[in-house]
Amino acid sequence: MFTKEKQNFPTSQDSDSIYPEDEIQTATVIKKFFKSDTPIEIIGLGSKRQIGRPLQCAKTLNLSKLSGIVEYLPEELYIKVKSCTPVNEIEDELRKNNQQLAFEPIDFGYIYLGKSNYGTAAGQVSCNISGPRRFKSGSIRDHVLGFRAVNGRGEIIKSGGTVVKNVTGYDLSKLICGSYGTLVALTEITFKVMPTPQGSATLVLHNLNIDNVPDFLEKALSSSQDISGATFLPSKPECKNCVMNLESTFKLNDLKYDGSITAFRLEGPKSSIKARLKILKEELNSSYLNISELEKIQSEIFWNKVKNLEFFSGTKNNILRAVIPPAECSRLIYQIPSQFKYFLDWGGSLAWMEACDLSEEMFESIRKKVVRLGGYLTMIKTSDNLPYVEDVFTIDRNRFNISQSIKKSFDPKRILNPGKMYTGI
Amino acid sequence: MSKLLMPKIDRKIISKKNIIIKNLKKIIKSENILDHEDQVKPFETDGLSAYKQKPMAVVFPENTKEVSEILSFCNNEKIKIVPRGAGTGLSGGALPLADSILLSLGKFNKILDIDYKNRCVVAQPGVTNLGITQAVQDKNFYYAPDPSSQIACTIGGNVAENSGGVHSLKYGTTTNNLLGVEVVLMDGTISRLGGKTFDSEGYDLLGLITGSEGLLCVITEVTVKILKKPQTVKAALVGFPTIEDGGRCVSDIISSGIIPAGMEMMDKALIHATDNFVKAGYPRDAESMLIIELDGNENEVLQLIEQVTKIAKKNKASSIKVSKTEEQRLKFWAGRKAAFPACGDMAPDYYCMDGTIPRGKLAEVLKEIGRLSKKYNLPVANAFHAGDGNLHPLIMYDSNDKKALEKTEKFGAEILKYCVKVGGVLTGEHGVGIEKRDLMCEMFNNNDIQQQIKIKKALDASSLLNPGKVYPILRKCAEEGRIHVHKGKTKFPNIPRF
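Residue numbers (my numbering), protein chains in the order written: chain E, 1 to 425; chain L, 1001 to 1498.
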C-alpha cells in the first residue's frame, strides 16, 4: 500500500507445514522462527484462508490439533475452547444447554466451496465478521472474554478472563479480533455464551425497492420491538453471470414469491413474539403490503441462509463487503455498478455484493465512495478474472501508522502472517 | 495515607515551569491555564480522595487542535500529561503528578450531532453520561451504560475506564455501546477510530483504547449508539434468609435462560443502611436481597416475572414484591443507587472495592469477606452487580485513625486476591489506576505485563501519558525474578523501575 512488499519467500509446501499439538509446542516453534527470522502462515482448518492478501511464507503453522472444549459452564455463560476447535462442535455442545454464540458465526464454506465449511473458533475470532444479529447483540469482538496465545517472540501471553465485566489492563481480546493472525497465534479462547431465544419469527415485506426500503429498515430498528435481524434481498438486477437466485435459495412453505424480500426477525418467548409482531406490523403500516410470516423453524432456516451467504452459494465471482452508516445504504447502492448483485443486512448497515465484472480500479473507486459515506470496504473473495487486489482492507494513514507500531509490539520481526492485512504489517 | 511509589519527579521540568507555562500560553488562551498553587488545588485528587498531589498546572484546551499542540509540545519537552474528565473515577486514574500538566477536557462539553437515522449521538468527551440520554429521551431513546455517577461522570471518562453500570448484564458496558472516537496521541497525531458504523476494519484500536485509563491517548470526540426505550420495565424486590439462597437464585435465573436487564444484590448491612437512608421498603429481616429488573414487551415482562418468582420461591425467598408502578420501580432502585452515600451513616469513611467473580462463587467470596472483616476488625457492607458477577464490598473505616487506611487497603487487597483465586478479576468497572496497580501481578505474569507495556510504548514511546497508573512501577512479577531480593527487600526500593 505505502511501500511495496518484498515478495521473496518461496511458495508454501505441504512438507513445510508444522502441526504443534499444544500451546508449549506452538511457543517453541514460533520462538525458533523468531530466532531464524522465518515468516510463517498460521492456519486452522483453512476455511477462511482466502480472506486477506495471499501469503508466500516458506512455513505454515497449522494449529488444527489445538482442538477441544476446555471448560463449559452454562450457568456462568462461558465456554473455554482450544483455539482450533471446530465451530460446529462448539455450537453442538451449547445446543445441549439451550445456549448459543449470539454473534451468529458465518459459514463461509458456501461462497468458497458451495457447501458448509464452518472452520474454527480462532478463524472466526481472527476475521471478526459477524452474522445478522450484529446490530443488537454485538460482533465476535463483543463475545470474546479472554484468550491465550503466542506472540511473535514465541512468548505465551494471556488477556481477559472468564467474566463479562473486566477492565483489568488493556482489552487485548478486542485487539486480536479481526487481526487475521498478524499479532498472535491463538491457543485458547473463552467465549461469552447466551441463552438461545425460545422462539423466532420473521415478518417479510414483499416487493419493496431500494428507494423505499431504508424508511422501513429505520422504522423497524427504531421501534421498541427488539428486532434481531433486518435484511433486504432484492430480486433485481438479474445477471446471467451471477448465481444469486432469490426463489431457489429461499424455498420455504410460508414464503410468498413476489419480488424483493425485506425481512425482520423477532426472537424471545413465544407469547411476546406474537404481541410484538402485531405491533411491528402496525408500526410499519404493513396492511398495504404483501407480506409473509415465517414461524420458528422456517424463520431459523431463513436467517441461517442469510447468515451463511447462501445467496451467493458456489459463486465464481468476486464477493465484496461494505459496512456503512445504515442511513447511507440507498446512496451506496446507487453508486455501485448496476449489474452488481447485492443484499443488505444489519438493517442497512452492511452490504454484501457479488461482482461478476470487476477490475482493481473499479474496486478502488467503490472503496472511495464507501469511505466518503463513512464506511469501509473489504474484498472477501476474488475471482479468476481478478485474482489479486493490493488493498483487501480499508485503512487511513494515521491508523496504518498506529497499527504498524502495535504489530511491532507483538511481532517485532513480522513473522506472523506478514502482509496478510496490509503491506508492512 | 499509605505510601505509593510514583514515577520519579523530574526536578528539571519543575524548575522550567515558568517557561513551560509561557509556551503553553502560545497554544491556548491565558485564562485556560491555571498554575497558581491555590488554583490547582481543586484538581489534586479524583474519586479516590485518599491520594492527593497537586499538578504543575491545569490546562483547559477548547478544541482538538489545541489538545494536539499541547501533547506535541509536552512530548518534545518530555513533560508528563495526566488527562481528566469529571474526576469521578474511583481508582485514582486522574491523580496528578508533581511534574505533570493536568489536561482537563472540561471545555469539551457539547453534543455535536444527534443522528436518529443512524441511531447514534456524537458528543465531546466532557458531556456527562446522563446528558446523552437527556438529549434523546424526548424521542424515547437512551444511552444504555449507566454508571452510578452518571449525573457527573463524562462520556470521555466512561470510554477511558470502560464504565459499566447496573444494566450492563443485558446491554453491555461502554465498549459494547461505542461506535467511534477521535483521539490525540502523545505525539500530537489526531486519528479517528470507528465512526457511525459497526466494527471498523483493521486492528480494533477502538476496543484497545476503551478502558485504557488515559495511558494511550486523549479522547476528543465520542460516537455512541442509542437504543429505543423498552416498552415495559418492571422490577422485583426479593428477600432471602441466607446469602447462599440469594446467590443460588442468581445462578438459577441465568441457567434458566433469562437475562434480566439488571440483577443487583445487597447484604443485610447494606439493606439496613440504604433503607434507613431512603426508606425504600426493603425487607429488613432478610440476609440478602435481590433487585431483578426485567424489560421488553409487556407480555414478555409479565411472563418473565412469573418465571423469576417461581425460581425465587424455589430458593426459599422470604419476601417478593413486584413493582406495580414506575414510581415504585424507581423507589426500589433509589436504595441501591444510594448505597455509597448511605454508608456515610455507618462510618466516617468507606473504601469501595470492585472485583468480578464467577456468579457461582458468590457465597464463598462473601464468606471470606466476612472472615477478613473479623480479621481486620473493620465492618463491611456488600453491594453486588450479581448478574455479571461484579462485587462492590464497602469497607468502613475512620481516616482520623492514621493506620486505618493502610489496614483498609490491605483488607481490600486480600479481597481482590481472593476474587482472582476463585477465577475472577481485580476490577470490573472502576479501573486499575493507582489503586490496584500493585496487584496486577496477581492476575498477570511477566510476559502478559510486558506485552501490555510494549503496546503502551508503541503509542507513547517516552511513557509521558498518565504514567504511574495501571502497571506496577516495580513490577514484582516481572522483576523479582531477575533482581536479588534479600529477605523480601529489593535493593534501592525507591528507584522507579517502569
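No wet-lab data here; the hints were simulated from the structure.
Since the model is a prediction, treat every value here as computed from it, not as a measurement.
Accuracy of the hints is not assured; some may be wrong.
The calculated DSSO-like cross-link candidates involving lysine-lysine, where the alpha carbons are at most 30 Å apart (straight line), are [stated by the list, open to error]: (1) L:K1316 / E:K296; (2) E:K96 / L:K1008; (3) E:K35 / L:K1065; (4) L:K1454 / E:K278; (5) L:K1065 / E:K408; (6) L:K1316 / E:K368; (7) L:K1229 / L:K1117.
Under 10 Å between C-beta atoms, here's a sample of chain L residues computed to sit facing chain E [to be verified]: (8) V1040; (9) I1114; (10) D1115; (11) E1161; (12) N1162; (13) K1196; (14) S1373; (15) N1400; (16) A1404; (17) K1407; (18) K1454.
Each residue gets a CB set at the ideal place from its N, CA and C atoms; glycine is no exception.
Is the hint on A1404 (chain L) kept, meaning its closest Cβ partner in chain E is under 10 Å away?
-> With a minimum Cβ separation of about 27 Å from chain E (threshold 10 Å), the hint on A1404 (chain L) is violated.
Interface hint for N1162 (chain L), Cβ within 10 Å of any Cβ on chain E | 5 Å, holds
Please work out if K1454 (chain L) and K278 (chain E) have their alpha carbons no farther apart than 30 Å.
-> 55 Å, violated
When the least beta-carbon distance from K1454 (chain L) to chain E is tested against 10 Å, hint result | At 4 Å from the nearest chain E Cβ, K1454 (chain L) passes the 10 Å test, so the hint holds.
Using 10 Å as the Cβ threshold, decide whether N1400 (chain L) counts as touching chain E.
-> Where the cut-off is 10 Å and the nearest Cβ of chain E is about 32 Å from N1400 (chain L), the hint is violated.
Proposed interface contact between E1161 (chain L) and chain E, which counts if any beta carbon pair is under 10 Å = Nearest chain E Cβ about 7 Å off; hint holds.
30 Å Cα cutoff - pair K1065 (chain L), K408 (chain E) | 28 Å, holds
Are D1115 (chain L) and chain E close enough, Cβ to Cβ, to be under 10 Å, as the hint says?
-> D1115 (chain L) check passes; min Cβ-Cβ to chain E is 8 Å, inside 10 Å.
CA of K1229 (chain L) to CA of K1117 (chain L), is that 30 Å or under?
-> Answer holds: K1229 (chain L) to K1117 (chain L) is near 16 Å, not above 30 Å.
Go through the hint on I1114 (chain L) and say holds or violated, using the shortest Cβ distance to chain E against 10 Å.
-> 13 Å, violated
Satisfaction of hint between K368 (chain E) and K1316 (chain L), Cα-Cα up to 30 Å | At roughly 62 Å apart (the allowed maximum being 30 Å), K368 (chain E) and K1316 (chain L) break the hint.
Does K1065 (chain L) lie within 30 Å of K35 (chain E) when you go C-alpha to C-alpha?
-> 44 Å, violated
When the structure is compared with the earlier hints, violations turn up for hints 1, 2, 3, 4, 6, 8, 9, 14, 15, 16 and 17 and for no others.
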